[in-house]
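Letter by letter, the chains look like this.
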Amino acid sequence: MATPAIEFSGVNKIYQRRLAGVQVAALSNISFAVARGEVCAFLGPNGAGKTTSMNILMGFIYASSGRARVFGYEPGDVRAKQRIGFLPENFAFYRYLNAEKLLQFHLKLSGRQLPDPAALIADLLHKVKLDGYKGLKIGKYSRGMVQRLGIAQALLGDPELLVLDEPTSGLDPAGRKEVRDLILALKAEGKTIFLSSHILSEVEQICDRVIILDRGHMVRTGTMQEMLAEDNRVEIIVDQLPEELELAVKERGAAVLEREPHRVRIAVDVAQKRALTEMLWAGGCDVISLTPMKTSLEETFLKLVAQGQGLGQGQVQGGAQ
Amino acid sequence: MSTSSLAIRSVAIRTIALSTFGSFLRNKVILLFGSLFVCIVLLMMTPLLAYKAMTTADNAQQMQGFILNEVTVVISLVSGFGSLLAAWAAADSVAAEMKSGTILAVMARPLRRWEFLAGKYLGVLMLMAVYVVAMMGVTFLLAWLGGQSFHTPVWTLLVYPLVRYALWAAIAMLLVTLVHPIVAMGAVVILMTLIAVFSSTARHIPVWLQKPVHLVLPITSLLSEDRFMEITRASLKPFPWTNHLTALAYGLDYALVCFLLAVLIFQRRGLTRD
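The listed protein sequences derive, respectively, from chains E and B.
Residue numbers are given in the working numbering: position 235 of the first sequence equals residue 235, and the series is strictly consecutive.
Residue numbers are given in the working numbering: position 74 of the second sequence equals residue 74, and the series is strictly consecutive.
Derived from the structure by calculation, the hints contain no laboratory data.
Heads up, some of the hints might be wrong.
Stated by the list, open to error - Below, a list of computed lysine to aspartate or glutamate pairs in the EDC-like style, where the Cα atoms sit at most 20 Å apart: (1) E:K108 x B:D58; (2) B:K99 x E:E100; (3) E:K250 x E:D231; (4) E:K127 x E:E100.
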């Protein structure tokens, strides 16, 4: 079995505020693995510990305990870093450089020896649609342009693993679609991609697997299919729902999701589907449609986070794969 | 490590060094410092030229004393400024990268932490080399204007200050890996003051205190050009090459120890602003 691209095993991170005499647990017992060639999303509300995890993964900070590995190497090991392309959350840059010079600088640091480095740089700038601005100082770039440049520098070393912290932040809808397409193209090339994002609809479109964190705890991990699994309910749309019938509907455990003048949405357990539909017909309602319900990633995410808030710290479901 | 890998590593260090040097040349504080340097030199030239113009056969000796005093003051001032500049540049080169977050994209590259620090340190030395050359130019200019000549090998005027600045840069780099850059610079200034106080009152320090003081505080007077430089026509202080060698080796050794300690601490610390 090939070594996973990323492996976290019981990773904890505690920040010590010595002067204040407090300890803040940023990560608690985080365990997961990302297989090679996988596109994995790292989700969580602000302060969940996503960036902390990515910083540990990149070797910028050290875990207080536990084990983290990248391609079997310790985070920060040069052999691991040779195979990683990284986009930080807020990509910072030398403002006095232009895009071409910045990429030249990073290419030299990457140690990649090419017969024609200028061609690679031109190609990358074209890929992120910055070829028209390569002479402009980066200090004059918009947020979206900087983000695109950040993505270009992450791709410089032809990495096997891309670690992208909020890759679409600051981009307009068209820019977001371009990044999405780029990630899908990289996925087709067999690259492993580990990304964090708050835009769950995008994650739903591009990722194979999802890891959800909440306040330093891993609350869920699973494949996208598992996350979007049918939720054992059907949605029935009827033209009307008289009050007396609504009571009977609710007695069967169904819920009225939405009520409009000529359209009422009802959600009911699959087991009650037939009985409820017959009851509605008999009650004079016209059943317009009957559809199996699916949970969106956003709904799952919000549910998990809400559970975590209710219970205090979230409990780990799933586990390392 | 293979030869090609060694070449890649040295390219990485050189790239960081050149980038650091390039950023210094665009740094507003450095530009301000440079302007201040020029202003001071121009300001000091005025009385110097006045003394020279006022020199007659009767007051030649007295005027020469004024001129020599003037030149010495300028050299000490510029030299002291150089130590502060070296310390500030070293502290800022690391701290600014961490504050702005640029260090994250850089350290995501296959670069070891000591290589990053070595690149930064070399960048500071490049800046200080430029400063030393400028300082030597000023010294020669003032001496020439004052009608004096140097009786000292030029290399000493380049190497001694450079080693002294290398030492201060290493101390500042060590401090900035531990504390906030402002605190680090404060500590450097305190250290400089302590050294000045201890050197001027060395005779009054109890014997039991002298040894630890000499072990901990760098003896920067050993690395001062004043020890062997004479700006009069009259004499040249005798200074054997072995003394040069031991004094410079002392400075380099102290700087190396500080730099290695900085590497050790930098290796363990977080690179983010948390």
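Hint by hint, here is what the structure shows:
Between the alpha carbons of E:K108 and B:D58 the distance comes to roughly 66 Å, so the proposed pair goes past 20 Å and is violated. Using a Cα cut-off of 20 Å, the hinted pair B:K99 and E:E100 is violated, with the two alpha carbons roughly 24 Å apart. For the hint linking E:K250 to E:D231, the alpha-carbon distance of about 19 Å falls within 20 Å, and the restraint holds. For the given pair, E:K127 sits about 13 Å from E:E100 by alpha-carbon distance, which is consistent with the 20 Å threshold.
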